[in-house]
Amino acid sequence: MFNYRPITVTSFAEPFDELAANRVRSQFREHVKFGHRLHVIDLDQLDAPNVLMLRSLIVARRTARAAGGDVRLVNSRPGMRRLLALTGLSRVFPVHSRVIDAVRAFREQPRVAS
1 MFNYRPITVT SFAEPFDELA ANRVRSQFRE HVKFGHRLHV IDLDQLDAPN
51 VLMLRSLIVA RRTARAAGGD VRLVNSRPGM RRLLALTGLS RVFPVHSRVI
101 DAVRAFREQP RVAS
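In the working numbering, the protein residues as written are 1 to 114.
Read the hints as simulated data drawn from the structure, not as lab findings.
Mixed in with the good hints there might be a few duds.
Claimed, not checked - 20 Å max Cα-Cα, derived SDA-like pairs, lysine to any residue: (1) Lys33 x Ala64; (2) Lys33 x Leu86; (3) Lys33 x Pro49; (4) Lys33 x Ala13; (5) Lys33 x Ile58; (6) Lys33 x Ala48; (7) Lys33 x Asp70; (8) Lys33 x Asp17; (9) Lys33 x Thr10; (10) Lys33 x Ala67; (11) Lys33 x Asp44; (12) Lys33 x Leu52; (13) Lys33 x Arg65; (14) Lys33 x Arg62; (15) Lys33 x Arg77.
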(Lines of atoms letter the chains of each structure in order from A and count residues from 1; the text may use other names and numbers.)
(Lines give C-alpha, C1' and ligand atoms only; values in the text may rest on other atoms or scores of the structure.)
Protein backbone atom coordinates (compact mmCIF):
# COMPACT_ATOMS: atom_id res chain seq x y z
CA MET A 1 0.00 0.00 0.00
CA PHE A 2 1.39 3.41 -1.02
CA ASN A 3 0.13 6.76 0.13
CA TYR A 4 0.05 9.69 -2.28
CA ARG A 5 -1.43 12.16 0.18
CA PRO A 6 -4.34 12.31 0.40
CA ILE A 7 -4.73 9.42 -2.05
CA THR A 8 -4.21 5.85 -0.84
CA VAL A 9 -3.11 3.22 -3.38
CA THR A 10 -3.90 -0.44 -2.66
CA SER A 11 -2.83 -3.40 -4.81
CA PHE A 12 -5.00 -6.49 -4.91
CA ALA A 13 -2.76 -9.55 -5.29
CA GLU A 14 -3.06 -13.32 -5.54
CA PRO A 15 -4.39 -15.27 -3.86
CA PHE A 16 -7.49 -13.13 -3.38
CA ASP A 17 -9.38 -15.30 -0.94
CA GLU A 18 -11.67 -14.70 2.06
CA LEU A 19 -8.69 -13.66 4.20
CA ALA A 20 -7.62 -11.06 1.62
CA ALA A 21 -11.19 -9.79 1.29
CA ASN A 22 -11.48 -9.36 5.07
CA ARG A 23 -8.12 -7.58 5.17
CA VAL A 24 -9.20 -5.15 2.44
CA ARG A 25 -12.47 -4.44 4.25
CA SER A 26 -10.74 -3.65 7.56
CA GLN A 27 -7.98 -1.61 5.87
CA PHE A 28 -10.52 0.57 4.07
CA ARG A 29 -12.43 1.17 7.30
CA GLU A 30 -9.18 2.19 9.02
CA HIS A 31 -8.14 4.48 6.19
CA VAL A 32 -11.51 6.23 6.13
CA LYS A 33 -11.49 6.49 9.92
CA PHE A 34 -8.22 8.44 9.70
CA GLY A 35 -9.41 10.73 6.90
CA HIS A 36 -8.04 8.91 3.84
CA ARG A 37 -11.08 9.12 1.59
CA LEU A 38 -9.61 8.91 -1.92
CA HIS A 39 -8.46 5.47 -3.03
CA VAL A 40 -6.85 3.88 -6.06
CA ILE A 41 -7.06 0.09 -6.32
CA ASP A 42 -4.48 -1.53 -8.59
CA LEU A 43 -5.77 -4.80 -10.08
CA ASP A 44 -2.78 -5.57 -12.33
CA GLN A 45 -1.39 -8.24 -9.98
CA LEU A 46 -4.56 -10.34 -10.13
CA ASP A 47 -4.48 -13.26 -12.55
CA ALA A 48 -7.80 -14.82 -11.64
CA PRO A 49 -10.56 -12.38 -10.68
CA ASN A 50 -13.28 -13.87 -8.53
CA VAL A 51 -16.50 -12.99 -6.75
CA LEU A 52 -14.63 -12.05 -3.55
CA MET A 53 -12.56 -9.51 -5.47
CA LEU A 54 -15.65 -8.02 -7.12
CA ARG A 55 -17.45 -7.83 -3.79
CA SER A 56 -14.40 -6.20 -2.18
CA LEU A 57 -14.39 -3.50 -4.86
CA ILE A 58 -18.02 -2.69 -4.12
CA VAL A 59 -17.45 -2.67 -0.34
CA ALA A 60 -14.40 -0.42 -0.76
CA ARG A 61 -16.39 2.04 -2.87
CA ARG A 62 -19.31 2.09 -0.44
CA THR A 63 -16.94 2.67 2.48
CA ALA A 64 -15.13 5.52 0.72
CA ARG A 65 -18.34 7.11 -0.60
CA ALA A 66 -19.98 7.00 2.85
CA ALA A 67 -17.13 9.23 4.06
CA GLY A 68 -17.37 11.59 1.07
CA GLY A 69 -14.56 9.90 -0.86
CA ASP A 70 -14.22 7.79 -3.96
CA VAL A 71 -12.35 4.88 -5.56
CA ARG A 72 -10.65 4.59 -8.95
CA LEU A 73 -9.32 1.37 -10.46
CA VAL A 74 -6.11 0.61 -12.31
CA ASN A 75 -5.87 -2.21 -14.79
CA SER A 76 -4.02 -2.65 -18.04
CA ARG A 77 -5.12 -6.23 -18.79
CA PRO A 78 -7.77 -6.66 -21.49
CA GLY A 79 -9.33 -9.69 -19.77
CA MET A 80 -9.90 -7.82 -16.51
CA ARG A 81 -11.23 -4.78 -18.35
CA ARG A 82 -13.66 -7.05 -20.19
CA LEU A 83 -14.82 -8.54 -16.86
CA LEU A 84 -15.32 -5.06 -15.40
CA ALA A 85 -17.38 -4.13 -18.47
CA LEU A 86 -19.45 -7.34 -18.37
CA THR A 87 -20.28 -6.87 -14.68
CA GLY A 88 -21.09 -3.18 -15.17
CA LEU A 89 -18.35 -2.13 -12.76
CA SER A 90 -16.58 -0.11 -15.44
CA ARG A 91 -19.61 2.21 -15.34
CA VAL A 92 -19.36 2.51 -11.55
CA PHE A 93 -15.58 2.90 -11.25
CA PRO A 94 -13.32 5.04 -13.41
CA VAL A 95 -10.68 2.60 -14.78
CA HIS A 96 -7.17 3.80 -15.64
CA SER A 97 -4.21 2.04 -17.26
CA ARG A 98 -1.62 3.27 -14.75
CA VAL A 99 -1.59 4.24 -11.09
CA ILE A 100 -0.16 7.67 -11.88
CA ASP A 101 -3.07 8.33 -14.27
CA ALA A 102 -5.61 7.51 -11.54
CA VAL A 103 -3.78 9.69 -9.02
CA ARG A 104 -3.62 12.58 -11.50
CA ALA A 105 -7.34 12.21 -12.24
CA PHE A 106 -8.08 12.65 -8.52
CA ARG A 107 -5.73 15.62 -8.28
CA GLU A 108 -7.31 17.28 -11.33
CA GLN A 109 -10.82 16.73 -9.99
CA PRO A 110 -12.38 19.96 -8.66
CA ARG A 111 -12.54 20.03 -4.88
CA VAL A 112 -15.81 20.61 -3.12
CA ALA A 113 -15.68 23.36 -0.49
CA SER A 114 -16.39 22.13 3.02
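Hints versus structure:
| no. | hint | in the structure |
| --- | --- | --- |
| 1 | Lys33 x Ala64 | holds, 10 Å |
| 2 | Lys33 x Leu86 | violated, 32 Å |
| 3 | Lys33 x Pro49 | violated, 28 Å |
| 4 | Lys33 x Ala13 | violated, 24 Å |
| 5 | Lys33 x Ile58 | holds, 18 Å |
| 6 | Lys33 x Ala48 | violated, 31 Å |
| 7 | Lys33 x Asp70 | holds, 14 Å |
| 8 | Lys33 x Asp17 | violated, 24 Å |
| 9 | Lys33 x Thr10 | holds, 16 Å |
| 10 | Lys33 x Ala67 | holds, 9 Å |
| 11 | Lys33 x Asp44 | violated, 27 Å |
| 12 | Lys33 x Leu52 | violated, 23 Å |
| 13 | Lys33 x Arg65 | holds, 13 Å |
| 14 | Lys33 x Arg62 | holds, 14 Å |
| 15 | Lys33 x Arg77 | violated, 32 Å |
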